[in-house]
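Student: Residues 5 to 69 (our numbering) make up the sequence shown, in order.
If you are wondering where the hints come from, they were derived from the structure by calculation, not from laboratory data. Hints are supplied without guarantee of correctness; some may be wrong.
What the hints assert, rightly or not - With a straight-line cut-off of 27 Å between C-alpha atoms, the simulated DSSO-like cross-links for lysine-lysine are:
#  : residue 1 : residue 2
1  : Lys44     : Lys60
2  : Lys59     : Lys12
3  : Lys25     : Lys12
4  : Lys20     : Lys32
5  : Lys59     : Lys26
6  : Lys59     : Lys20
7  : Lys45     : Lys59
8  : Lys60     : Lys12
9  : Lys45     : Lys12
10 : Lys12     : Lys26
11 : Lys53     : Lys25
12 : Lys59     : Lys25
13 : Lys59     : Lys32
14 : Lys45     : Lys60
15 : Lys12     : Lys44
16 : Lys25     : Lys44
17 : Lys44     : Lys20
18 : Lys20     : Lys60
19 : Lys44     : Lys32
20 : Lys32     : Lys60
21 : Lys32     : Lys45
22 : Lys26     : Lys60
23 : Lys59     : Lys44
24 : Lys53     : Lys32
25 : Lys53     : Lys12
26 : Lys53     : Lys26
27 : Lys26     : Lys44
28 : Lys25     : Lys45
29 : Lys20     : Lys53
As the list claims (entries may be wrong) - Derived CB-CB ranges, DEER-like:
#  : residue 1 : residue 2 : range
30 : Thr6      : Phe65     : 30 to 36 Å
31 : Arg8      : Glu64     : 28 to 34 Å
32 : Glu48     : Arg19     : 18 to 24 Å
Predicted model only: the values in this text are computed from it and were never measured. Ideal Cβ placement from N, Cα and C applies to all residues, glycine included.
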Amino acid sequence: MTERELIKLEGTIRRKMEEVKKQQVSLKDSGLGGLMNSLKKIDEALYEKILPDYKKMVTEFNIFK
Numbered sequence: 005m006t007e008r009e010l011i012k013l014e015g016t017i018r019r020k021m022e023e024v025k026k027q028q029v030s031l032k033d034s035g036l037g038g039l040m041n042s043l044k045k046i047d048e049a050l051y052e053k054i055l056p057d058y059k060k061m062v063t064e065f066n067i068f069k
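Given these sequences and hints, build the entire structure.
Tutor: Here it is in structure tokens:
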């Protein structure tokens, strides 16, 4: 995967996280889990960088209620 594609993937993940925070889409429908798994396989360092934000989003916005 090229650097440009990696940046695009990161942007997509962050955009979808914002959509979930704004409750425009549910966590399940957003497909974030699959994107995060793809990112982990490609670039684990970037995955580790995004993971705390992902966990924070899930806990603060009561996604599972």
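Student: Given the hint that lysine 44 pairs with lysine 60, test it: the Cα-Cα distance must not exceed 27 Å.
Tutor: holds (18 Å)
Student: Regarding the pair lysine 53 and lysine 12, is the alpha-carbon distance no greater than 27 Å?
Tutor: holds (15 Å)
Student: With a cut-off of 27 Å on the C-alpha distance, tell me whether lysine 59 and lysine 32 pass.
Tutor: holds (15 Å)
Student: For lysine 32 and lysine 45, compute the direct alpha-carbon distance and say whether it is at most 27 Å.
Tutor: Distance ~20 Å between lysine 32 and lysine 45 Cα, so the pair holds.
Student: Straight-line Cα separation of lysine 59 and lysine 12 no greater than 27 Å?
Tutor: Given pair lysine 59, lysine 12 holds - Cα atoms ~21 Å apart, limit 27 Å.
Student: Decide if the proposed pair is consistent with the structure: lysine 44 and lysine 20, CA atoms, cutoff 27 Å inclusive.
Tutor: holds (17 Å)
Student: Does lysine 12 sit within 27 Å of lysine 45, going by the straight-line distance between their CA atoms?
Tutor: Holds: lysine 45 and lysine 12 sit about 16 Å apart, inside 27 Å.
Student: CA of lysine 59 to CA of lysine 25, is that 27 Å or under?
Tutor: Cα-Cα ~12 Å, so holds.
Student: Given the hint that lysine 59 pairs with lysine 20, does the C-alpha gap stay at or below 27 Å?
Tutor: This hinted pair holds, its Cα atoms lying about 14 Å apart.
Student: The hint says 28 to 34 Å between arginine 8 and glutamate 64; measuring C-beta to C-beta, is that right?
Tutor: For glutamate 64 against arginine 8, whose Cβ atoms are near 31 Å apart, the range 28 to 34 Å holds.
Student: Assess, step by step, whether the Cα of lysine 59 is no farther than 27 Å from the Cα of lysine 26, and give holds or violated.
Tutor: Within the cut-off at roughly 16 Å; holds.
Student: Is the hinted range of 18 to 24 Å satisfied by the C-beta distance from glutamate 48 to arginine 19?
Tutor: holds (21 Å)
Taken one by one, the earlier hints all hold for this structure without exception.
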